[in-house]
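S.K.: Input sequences plus hints: build the corresponding full structure.
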Amino acid sequence: MGKPKKAPVEAAVTAAAASPLAEESLFEPDQETGNAGKNRALVILLGGPWNGLAIVRVERIEIGDSGWRVVYRE
Amino acid sequence: MRVIVWILLALAASGCARAMSDRELQRVARDWSMVIRASQILPVYPLTEDLQPGDIFLVQVTVDEQAKTYRERGFLPLDNLIFRLDPRGYETFYRRSFEAGDAEHPLPKHWLEPGKPASWTLAPNASFPTYAFSARRGGGFNVALPVQGIPVGLSLLGGDATQGTITIAEARTYGVDTISLYDDVRQWAENNRPFLQNYGGDPQRTNYLRVISRVYITGRINVSLQGSKSSGGTASGGADKPVDLVVPNAGADPQKNTLEAYTSNIDKLNAMISKALERASGSNLAPGGTVKIVSASSGSISLAEDFARPLVIGYLGFDMAIGPGGVLGPPMPTHAVLEHGVSPALRNDVAVRLSSNATLGLDYGTLKALDNKGDTTAKQLVTEFDALEALAPATYPCNILSVRTPGGPLMVIRAVGSPLGTAAGFDRVTFYRGQLLASIRAIKRAQGNPAAAVTGFTTPGPDAEVYLREQLKANEVALSEVDAGLEKHSALLTRMRTFLAGVEG
Chain A
1 MGKPKKAPVE AAVTAAAASP LAEESLFEPD QETGNAGKNR ALVILLGGPW NGLAIVRVER
61 IEIGDSGWRV VYRE
Chain B
1 MRVIVWILLA LAASGCARAM SDRELQRVAR DWSMVIRASQ ILPVYPLTED LQPGDIFLVQ
61 VTVDEQAKTY RERGFLPLDN LIFRLDPRGY ETFYRRSFEA GDAEHPLPKH WLEPGKPASW
121 TLAPNASFPT YAFSARRGGG FNVALPVQGI PVGLSLLGGD ATQGTITIAE ARTYGVDTIS
181 LYDDVRQWAE NNRPFLQNYG GDPQRTNYLR VISRVYITGR INVSLQGSKS SGGTASGGAD
241 KPVDLVVPNA GADPQKNTLE AYTSNIDKLN AMISKALERA SGSNLAPGGT VKIVSASSGS
301 ISLAEDFARP LVIGYLGFDM AIGPGGVLGP PMPTHAVLEH GVSPALRNDV AVRLSSNATL
361 GLDYGTLKAL DNKGDTTAKQ LVTEFDALEA LAPATYPCNI LSVRTPGGPL MVIRAVGSPL
421 GTAAGFDRVT FYRGQLLASI RAIKRAQGNP AAAVTGFTTP GPDAEVYLRE QLKANEVALS
481 EVDAGLEKHS ALLTRMRTFL AGVEG
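These protein sequence lines are chains A and B, in that order. In terms of our numbering, the numbers along the first sequence are unbroken and rise by one, the last being 74. In terms of our numbering, the numbers along the second sequence are unbroken and rise by one, the last being 505.
Where hints are given, some of them may not hold.
What the hints assert, rightly or not - So these bits of chain A aren't anywhere near chain B, every CB distance computed over 12 Å:
1) L21
2) L26
3) R57
As the list claims (entries may be wrong) - Partial pick of chain A residues on the chain B-facing surface, computed with a CB cut under 7 Å:
4) A22
5) S25
6) F27
7) A36
8) G37
9) G48
10) G52
In short, the hints are calculated from the structure, not lab data. Backbone N, C-alpha and C define an ideal beta-carbon position, used for all residues, glycine too.
M.R.: Following this line, the structure appears as structure tokens:
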């Protein structure tokens with residue numbers, strides 16, 4: 001009888017919390033259809049709720065719920 | 001001394017006459033506008049052919065001042081046209097009802113056909129009620145209207161009219177739905193943001209765009225006047241108006257109660273009016289339309305005033321407040337703004353406030369960049385803004401909620417009591433404020449979606465609704481506290497905007 005193995009998800013969370021490069025994400029949906037509108041939505045996010053984050057990357061999601069997704073380090 | 005007194009009296013009399021003339025002109029405008037307003041549309045004064053859906057006006061007067069002017073004058077001047085938009089929704093809007101042309105025959109040109117007999121015949125009809133007015137005790141009527149049929153008819157009745165009616169006839173209307181026009185305006189606004197941002201962001205005074213969505217046009221105005229005694233043949237007209245007898249009515253004098261006599265009498269009137277016009281203007285280019293007598297008797301007369309080219313008499317539309325950075329607020333009906341004092345408010349629109357917060361942060365960033373280049377004024381302003389850092393607390397006073405992935409559940413991303421982070425200076429304020437605004441927006445979005453998942457609740461339901469209401473309230477309280485702190489420094493915000501407006505390249 002060996003030690004019970006940790007569940008994979010639990011192990012991943014523990015590893016992420018221990019790592020200085022642990023990443024989190026946020027998603028802000030919008031209904032913008034034009035390039036100018038999408039860019040403006042991003043500027044608003046970067047100039048406010050996201051301006052204090054250590055941003056790793058920003059992605060534009062177009063399929064399904066459209067909007068901007070940011071990946072940042074805690 | 002006597003000469004001086006006479007001169008003063010003459011000047012005073014001249015001033016009084018001018019003041020009375022101004023008052024009379026204002027009365028004409030107001031009375032006419034009240035007739036149009038009675039039909040729940042907004043009056044155009046003076047009447048014009050050149051107003052159409054898609055016209056965008058800039059309004060720089062507060063809602064309160066507009067309502068006051070509207071009450072006093074009866075109409076609002078449409079004097080600041082900034083763009084004429086071509087609405088794209090006409091074809092869809094009229095697809096199943098009216099033949100609204102196509103790309104090669106766009107509206108309104110397809111219906112307008114200026115100067116042609118078929119002008120506006122394809123457009124939808126509109127009908128207005130008949131408005132009655134009565135004579136004042138000292139002469140004249142209790143309304144003043146810019147309709148030539150009234151003075152002509154009054155002259156024909158020997159100034160003895162006691163009451164009258166006016167009918168806006170042969171009216172047409174056309175317009176487009178608000179949603180498609182709103183989309184067109186937003187698209188236009190995105191391409192013209194540098195222009196619009198000049199008019200947004202002043203906390204003391206909000207500017208608006210007024211967008212016309214529907215207009216009402218008339219080709220004829222019927223006027224009927226009733227008098228108390230018979231009129232003679234000594235009438236005079238103010239413009240070249242041929243008289244046309246359509247319905248022979250019996251006169252008071254039995255000896256003249258024949259069609260021939262009646263026709264002869266009208267011919268004399270025609271000749272007199274024609275001569276009067278020649279004396280008045282020397283041409284047939286009289287303003288307004290052509291007045292025709294429809295019917296007449298000893299005690300009444302009915303006239304029809306046809307406009308050679310139909311004119312717009314009223315409109316409907318919506319107002320959009322211009323927010324910081326040129327962002328537009330939601331469309332509010334102009335009728336509600338003018339008649340009921342409804343303000344196209346920006347302050348409660350979370351998206352606009354989020355934009356305003358970002359503009360604040362970007363302006364502060366510009367100040368810091370100028371400070372790094374050695375600008376002393378910018379340096380001073382940055383110092384003062386950084387002193388506001390304490391407006392953001394050390395720890396979150398409420399939970400901050402958001403979604404982490406598309407379609408994911410709403411969850412707490414910053415728990416109450418957790419540290420705010422490492423942002424410093426005024427950046428800390430815009431970051432904190434931005435998080436609150438984004439959290440409020442996310443909560444409201446979840447509240448508006450019955451299927452939205454909320455972490456901690458297996459299914460959406462009353463418990464989740466109560467939880468969201470509590471979280472929203474806590475977020476709004478926190479936001480109002482930081483906003484109250486910012487409002488105490490509104491003078492500093494104005495100084496920054498004034499400074500940045502004067503900075504070039």
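S.K.: Now tell me, hint by hint, if it's right for this structure.
M.R.: Tested hints:
no., hint, result
1, L21, "holds, 17 Å"
2, L26, "violated, 5 Å"
3, R57, "holds, 14 Å"
4, A22, "violated, 13 Å"
5, S25, "holds, 5 Å"
6, F27, "holds, 5 Å"
7, A36, "holds, 4 Å"
8, G37, "holds, 6 Å"
9, G48, "holds, 2 Å"
10, G52, "holds, 4 Å"
Of the hints listed earlier, those the structure fails to meet are numbers 2 and 4, in rising order.
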